[in-house]
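Undergrad: Residue numbers (numbering that gives the first Met the number 0), protein chains in the order written: chain A, 0 to 157; chain B, 0 to 111.
Honestly, the hints are just simulated from the structure, not real lab data. Even for Gly, the Cβ is constructed at its ideal location relative to N, Cα and C. Don't take every hint at face value.
Simulated restraints, written as ranges between beta carbons of each label pair [said to hold, decoys possible]:
| # | chain 1 | residue 1 | chain 2 | residue 2 | range |
| --- | --- | --- | --- | --- | --- |
| 1 | B | Asp40 | A | Gly126 | 37 to 45 angstroms |
| 2 | A | Lys81 | B | Val12 | 19 to 27 angstroms |
| 3 | B | Gly50 | A | Asp152 | 46 to 54 angstroms |
Computed, partial: chain A to chain B, Cβ under 8 angstroms [stated by the list, open to error]:
| # | residue |
| --- | --- |
| 4 | Glu27 |
| 5 | Asn67 |
| 6 | Arg68 |
| 7 | Val76 |
| 8 | Arg77 |
| 9 | Glu89 |
| 10 | Val90 |
| 11 | Trp93 |
| 12 | His97 |
| 13 | Pro98 |
| 14 | Asp108 |
| 15 | Pro114 |
| 16 | Tyr116 |
| 17 | Arg140 |
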Amino acid sequence: MATPPTLKISAEIAQQIRQHGAQTYPHECCGALLGRDDADGDVGVQFPMREIVALFPLTNRREDSPHNRFSVTAEDVRDAEKAAREKKLEVVGWYHSHPDHPARPSQYDREHAWPWYSYVIVSVANGEPLEMTSWRLSDDRSEYACEEIAIRDRAARS
Amino acid sequence: MGVKVIIPTPLRVYAGKRDSTEVKAGTVGEALGRLTAEFGDLRKHLFTEEGKLRSFVNVYVNDEDIRYLAKENTPTKDGDTISIVPSIAGGSCLLHDYGCSCHRSSTSSFRA
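Work out the full structure: start from the sequences and follow the hints.
TA: Right under this line is the structure:
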């Protein structure tokens, strides 16, 4: 697998993800990451770039076990893609929280993951959001590779 | 004219970066078979090792979910559109510890 690009995210959006995780604690939160992926961009771009520009928060559909599972239905995915299109963006990944667990993907995460997408995980301990990480599934589905999150202080361009 | 198959964003990299393709097929199963014959790398993301459609792969024929039709035996005809739509799931319950050397968020400026 090629080295994944750095995931660029504004401090404001990073804070929104953390807040969502705190709001839904002790349940998992989830949502779509809307942005741009320039991996297929113009010739001459040395480093592929992926930038999160907006969030599309979703309701966790797993009512049976919301403290350690999340689910986003196909209809939710279609709604997120529609919201992205309206902003001239695309769904480049998904975020969810791990209440009282580290921000590391589980075996369950890997088995249910799609390639290409960035999966952002925020750890929430006792209601306080802590570490945030991002992961991408390898082409052969065998493992997750972490991707660096670059948080910038100024607001993202819209 | 055949059956149009819409390829979801995360799988386009395995399909020559195309967002759709056209196949000749009489059923959804045939269409997915032709699709994965043309783009072999798609197979492991759509089907389990036992050859069953993965549970988080949703297939629609003209906006109708094939689970409520005849599943992979759902008939298709020229002009139909098959959409492959992901659903997303995950959660904690750490069963495997993935090591990560770059997990700390950085505040460095972006590479241009």
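Undergrad: Hints numbered earlier in the text: which of these fail when held up against the supplied structure?
TA: none
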